[in-house]
Amino acid sequence: MELFWWKGCPSHPRALEVLRGVLEEEGLDPEAVEVREVRTDADAAGERFIGSPTIRIDGREVAPEPGEPAGLTCRVYRLRDGRISPTPDPEDIREAIRGGPR
Amino acid sequence: MNIGDSAPPFDLPATDGSSQGPGATPTAVVFTCNHCPYAIAWHDRLIDVARDYGGRGVHVLFVNPNDAERYPRDSFEAMKERVEADGGWPAPYLRDESQEVARNFGAEKTPDVFVLDTQGVLRYRGAPDSDYEDPSQGAAWVRGALDAVLEGREPEPAETEPVGCSVKWLPSG
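Line order of the protein sequences matches chains A and B.
Take 1 as the starting number for the first sequence in my numbering and just add one per residue.
Take 1001 as the starting number for the second sequence in my numbering and just add one per residue.
It should be emphasised that the hints constitute simulated quantities derived from the structure, not laboratory data.
Only a predicted model underlies this, so the values are computations on that prediction, with no experimental measurement involved.
Note that the Cβ used here is the ideal one computed from N, Cα and C, for glycine as well.
What you were told as hints is all true, and nothing was included just to trick you.
Footprint (simulated), chain A over chain B, 3 or more residues, beta carbon under 8 Å:
| hint | segment |
| --- | --- |
| 1 | 1026-1038 |
| 2 | 1159-1165 |
A few chain B residues that don't get close to chain A, going by computed Cβ distances all over 12 Å:
| hint | residue |
| --- | --- |
| 3 | PRO1013 |
| 4 | GLY1057 |
| 5 | GLU1081 |
| 6 | PRO1090 |
| 7 | VAL1121 |
| 8 | GLU1151 |
Please take these sequences and the hints and turn them into a complete structure.
Printed below as a string of structure tokens:
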């Protein structure tokens, strides 16, 4: 499990908290998350980082956005109730952990 | 800029082709943008403020200061497209291409709200309300500040921590 973040967005501590909370609820080790800072445009391109925060489980995006360009920006997530959020919906994370549809 | 300071005057181009800045009315200057999730999450609440307080003589100005070269979603064209897609806004959306206004105000985030009184004196600065995730908050801090200014009182709180994405400064900035 990886959480990629960029300092221009303040959302990664909250995203990490949500991710760890879901891991714990699923009986997994909340400390198993690898937290990685993305510092430059080159890093973003190399990591296919489309914005902060980005969470991947076994290399797969929790909330994929096909075609979105890599770059140092903030991600906009849509929660399941329709609200806009800087962090993904916990249920999307749970579904990804369980290997459900993405 | 600190509470009690006079805000620097400005005149910026709006998406509707006009040019606007603070006047002799209570004004909320909202530094915002198209791409930041915090700005988007709070947007409808701030639009409601513009609609609700317009009839009370309050001027709301949305100002986008972000570097559009690196963040094309914040270009003037993208701003115009957004307003048009929404069927128009009840307040102007201004482009701060040089970032001079954002710099003079000391804006740090999007959103970052500055409420000025009729003399152009800063009376409130900070976040719209305490929780970007809770629409029922309704931009309560901005509404409270505007109510106070309209009634000649000091806003309480007068200052809160702005929450959002950093202003995307030009490389030379």
